[in-house]
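Following the hints, complete the assembly by docking chains B, C and D onto the known chain A.
Number of protein chains: 4
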Amino acid sequence: MKPTATEEDILSVIDRIESCGAKAHPSRGEEVTVIGAVGDREHVQRLNLEQHAGVEQVVPILKPYKLSSRQFAAHGERTVIEIDGRLIGGDHFSMIAGPCTVESRDQTLTTAHAVAEAGASMFRGGAYKPRSSPYSFQGLGQEGLRILAEAKAQTGLPIVTELMDARDVEAILEVADVIQVGARNMQNYPLLAEIGRTGKPVLIKRGLSSTLEELLMAAEYVLKEGNPNVMLCERGIRTFETAYRFTLDIMAIPMLKELSHLPVIVDPSHAPGRRDMVLPLSLAAAAAGADGIIVEVHPNPEEAICDGPQQIYSDAFGAYLEQVERAAAVAGKVLSAAA
Amino acid sequence: MKPTATEEDILSVIDRIESCGAKAHPSRGEEVTVIGAVGDREHVQRLNLEQHAGVEQVVPILKPYKLSSRQFAAHGERTVIEIDGRLIGGDHFSMIAGPCTVESRDQTLTTAHAVAEAGASMFRGGAYKPRSSPYSFQGLGQEGLRILAEAKAQTGLPIVTELMDARDVEAILEVADVIQVGARNMQNYPLLAEIGRTGKPVLIKRGLSSTLEELLMAAEYVLKEGNPNVMLCERGIRTFETAYRFTLDIMAIPMLKELSHLPVIVDPSHAPGRRDMVLPLSLAAAAAGADGIIVEVHPNPEEAICDGPQQIYSDAFGAYLEQVERAAAVAGKVLSAAA
Amino acid sequence: MKPTATEEDILSVIDRIESCGAKAHPSRGEEVTVIGAVGDREHVQRLNLEQHAGVEQVVPILKPYKLSSRQFAAHGERTVIEIDGRLIGGDHFSMIAGPCTVESRDQTLTTAHAVAEAGASMFRGGAYKPRSSPYSFQGLGQEGLRILAEAKAQTGLPIVTELMDARDVEAILEVADVIQVGARNMQNYPLLAEIGRTGKPVLIKRGLSSTLEELLMAAEYVLKEGNPNVMLCERGIRTFETAYRFTLDIMAIPMLKELSHLPVIVDPSHAPGRRDMVLPLSLAAAAAGADGIIVEVHPNPEEAICDGPQQIYSDAFGAYLEQVERAAAVAGKVLSAAA
Amino acid sequence: MKPTATEEDILSVIDRIESCGAKAHPSRGEEVTVIGAVGDREHVQRLNLEQHAGVEQVVPILKPYKLSSRQFAAHGERTVIEIDGRLIGGDHFSMIAGPCTVESRDQTLTTAHAVAEAGASMFRGGAYKPRSSPYSFQGLGQEGLRILAEAKAQTGLPIVTELMDARDVEAILEVADVIQVGARNMQNYPLLAEIGRTGKPVLIKRGLSSTLEELLMAAEYVLKEGNPNVMLCERGIRTFETAYRFTLDIMAIPMLKELSHLPVIVDPSHAPGRRDMVLPLSLAAAAAGADGIIVEVHPNPEEAICDGPQQIYSDAFGAYLEQVERAAAVAGKVLSAAA
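So the sequences go chain by chain: A, B, C and D. Going by UniProt numbering, the first sequence opens with residue 1, and the numbers climb by one from there. Going by UniProt numbering, the second sequence opens with residue 1, and the numbers climb by one from there. Going by UniProt numbering, the third sequence opens with residue 1, and the numbers climb by one from there. Going by UniProt numbering, the fourth sequence opens with residue 1, and the numbers climb by one from there.
This is chain A alone, in the form it adopts within the complex (with noise of 0.2 Å):
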């Protein structure tokens, strides 16, 4: 309350707390008299209090997402999913590993089978792509997800490809084990809904603004629907440095293993756009507790059609991995590959 505030402002914030069937808890100070409203958040805030007569501040306490918080897991565990007989999350590191886009069958293939041998967990590759100029390439769509099913067929390596358009969630079902929802989308609530709907895991990118708690309410629009298979992915936040594309943000992982249940997986890709920072990045996400990286690689990146100045070469690889096996046996964790 303003210090200005009379008691018959008070009394009155008082009755309108509990008109709503929460309980109010007023503690009279020397300058100010704060009141501790206890009940549903929704409800409290559908009072206006801000607007009351005597009202200084609104300051929400408790956390507006539930299914992903921390707290609603069973006994405190932590999200392990399951695709295809690879675990995600846990004491398990995915390697989610292919290229920026699904370009062509050979590129696309020749990627998958060297990804495989070197063991990555799954494979990733895009075929309706996201960009900010309608002049650039849009991805091969369709086609796209047909060579995508070829290269799970060859490799058996899941397949992550992202949505983008609820009108083609079914053709994307046909191929997908891991439905990626990009930055651009994450509060795209309708696609999120429609995702919720289908079952299917789901990796969902963090807006380039978007708070963790606004990416643990996208989660919770997936969770609501009754699909518990979500995993969270830091990819780069924008801020005033522009030595780099995104600035990664290291410590979402930490503290989004302290606020929700679910799993992390960090994209080393995008945040820096330049193949040498891939590394360091990889290295440091994994010693942070990163539960898995979704890293973007190309046979040939200086022919890439698209993001090819990021994309790691595929025949480097194999021992890019081992490295990050390393830094991710510090923090605990094994690579996690088909039982």
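Be aware that a few hints might be false.
Repeated chains share a single entry, so a pair holds when one copy, or any two copies, can fit it.
Subject to a maximum C-alpha distance of 30 Å in a straight line, what follows is the list of computed DSS-like cross-link-like pairs (lysine-lysine) [what the hints assert, rightly or not]:
1. K224 to K2
2. K2 to K63
3. K224 to K66
4. K23 to K2
5. K224 to K63
6. K257 to K2
7. K152 to K23
Hint data in this document are derived by calculation from the structure and do not stem from the laboratory. This one's a predicted model, so the numbers in the text were calculated from it and none came from an experiment.
Then chains B, C and D, alone, in the frame of chain A:
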């Protein structure tokens, strides 16, 4: 090029630039050589020159947007959009007012009559609401659209309302005179393209961490489909400052007018999230040359289902509008009304 | 408290709060218990309650500043500062104009006469310049101060000039009517305290990533030493947007006036870094209720040693000032001049 | 140049560039002409070309720093600094540990012995403390320096301590082996130059919204005075995320090593402001290739005068250091100790 680049590196980069039809202009200095590449931006970007031996940095000079660029405008003229006889852009100042959310027939019609009588140019109200929490009220949907249609029938005011899901486009088209794209959907490219194909006027809100360049690229997705009726809307960006919800970027007004021929509208309600700042921000926007304001108004904000604290009272709207008109006059603009 | 906190944890926290003389007010809900602590903010913070068993989060409610707070002001009045007969604050609008840097006697006196004739309230000019690069011009120093003294002698305008180093305070005091603290020194506490002890009016520029709370805490360092003559200055903050150098935070004007009784000045030159945006930003600031503007003016900006592109032409200053006065009038203010 | 620039504009810009001794290289395209200017950056910037008729934009290509640049380093070697037999940089990993603040002789000596026995490379502790609030404890000052001297005498560990005011430089020099420049003083140029003149090793913390380029320019102020012993320190930047105090920029490690030859140290304590995140962030920093860590340690953090929640327990320091060494080993580094 890097200081360590060899003559061979330089010649090879020149070859590569010219291979895509562009022209290479090397400038050789004592310390470094800079190579200008003059040609199609997309073609040059696909060369992935960042990865070429000896290359230090690639700095794009030309803007990636075309149709939204001021240089593109015929005879350098600014876009003026006509909606039911109201003009938006040029010397006209548009006042778009109405509730955050269509909550009920009564609340909506009361507000519509109040703002119509005071002289508003158009009426706003949300039937589909993007909410961070799946537990919050998500809007009345089609029922809300019917109420908006009634508000238009009674007051004659054109309707501005938000489209969140491409699957709702038909329903929205029956009511909306201007389709609003919310900040969270600014980079929902399938939605933008769909709206582009309708030809209907559209107001695109800037994403909360989108650059002006990205906003113009979002406009480009609509313009490219042949729909020239695009308004840009500044509504606050995300910064480190926690004293307000978002930071209204007043500089976007003169800068967007420098970069583009499209009208620029300002939303003074969402950034502060509190009523007492709506007037000073509206005056600032009008004085800085905005082409209009989209503001939230409610007959009884204490009872509003969402964003009550930021909605101004419908019975204070007339006085508010008068003051804003005075500020717009300083920038040489007059209120837009039906002819 | 955490949902897992025991009764013992709760009682122990209550004990600890009361051990420092504050009062504890527990509110017990179904899920969690919230304990209000009412007492001296500094004392409670020293308890390190975040570390106590069972504590989830410590949320400070009271503001950390006192003397700069609006609640502190006698009878809720706003501070009005008098400088050589000019009034700053209240209904008065101050126009502080002059070159970025004192480059020469001729350039300085020419500008001073131009802005004096047009009706400026005070004259600004830098003798000591903080420059990001040690290779850039660092100001004329004491020679610059002498030229400023001459400008004052000839025009009668009070002088605003920057102090960067506490060791220069004596020299500055001989000339300055207002000491400017630059954005980079906003948290240079020894410097602020030194200025506090002089009693001289001071204009404190907000650091480029300082919150409004931090700005008010910087003011507090001066006020605490017994110097009440503090002006706050918004000059643009650092955000992700690269279309301009800094993002002018127009919302700081109404918000600082809500939080504090101190006058608020706006610098429209540094954020855009370009002349064509200075007028619209000045109009916006004046319309939003700023108590004044500090703007850069040069007789020949193409030849300026620093920040040429943002300085307005001294021969265009009169027309500029006239338009700004019109915008200030919308906010109910009149230009401040010598009595 | 703008598309509307005339041939005369172009020739005039070329003349102007060559007037300062630089060379102009025009590249004429169909739409626009780009003019490369090759010469001294400072000279070209003083031309104020942005203001010239027909000029659209000036894009600096060369970096503004020289002595801190990796290209400047003799034979491309990295700087390794020796302090009392400990090596900083190269393959050496330095662990700088100690309390936030020197609170008492007992607390300081206890901590110093604990970290010395566990194998720390140097001892840190603040005698002068920059505090946002003038009402907070400001450090023990000279008494604190005396206690630090005793800690060194007893343990042999070199001392790292902060200098806030150029007037205290003599006192600091008697005790400090490394002078720390705090984040708030990163752009306090008189202070940096003063430290440059001492020749003493210095650790410069990155300002909380300083770019890497600005950090290197701060280093340049020290290097230019002939002091080559500069360490750069990443300690978290300010972003929109409110889940932590600051966001640790892990990417700064590989990027600073790409741009500069100077050692890079990471402070994992201030960004989270909480103890449980110090270990994962330390592991991440070490794995990403940092040259060392500066961490806060306290024998009894619950009683700490400031920043208690982020200080790790001195009796847990040994186990902490062991894990960090394992992460540093992944990046090929070994702990630095006295020869």
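Hints, one by one, checked against the model:
1. K224 to K2: This pair counts as between: shortest inter-copy Cα distance 24 Å, intra-copy 38 Å.
2. K2 to K63: both (25 Å within a copy, 12 Å between copies)
3. K224 to K66: within (9 Å within a copy, 42 Å between copies)
4. K23 to K2: both (20 Å within a copy, 19 Å between copies)
5. K224 to K63: Within. Shortest intra-copy distance 16 Å satisfies the 30 Å Cα cut-off; inter-copy 38 Å does not.
6. K257 to K2: So K257 and K2 pass the 30 Å test across copies only (16 Å; inside, 37 Å).
7. K152 to K23: This pair counts as neither: shortest intra-copy Cα distance 56 Å, inter-copy 43 Å.
In this structure, the one hint that does not hold is number 7.
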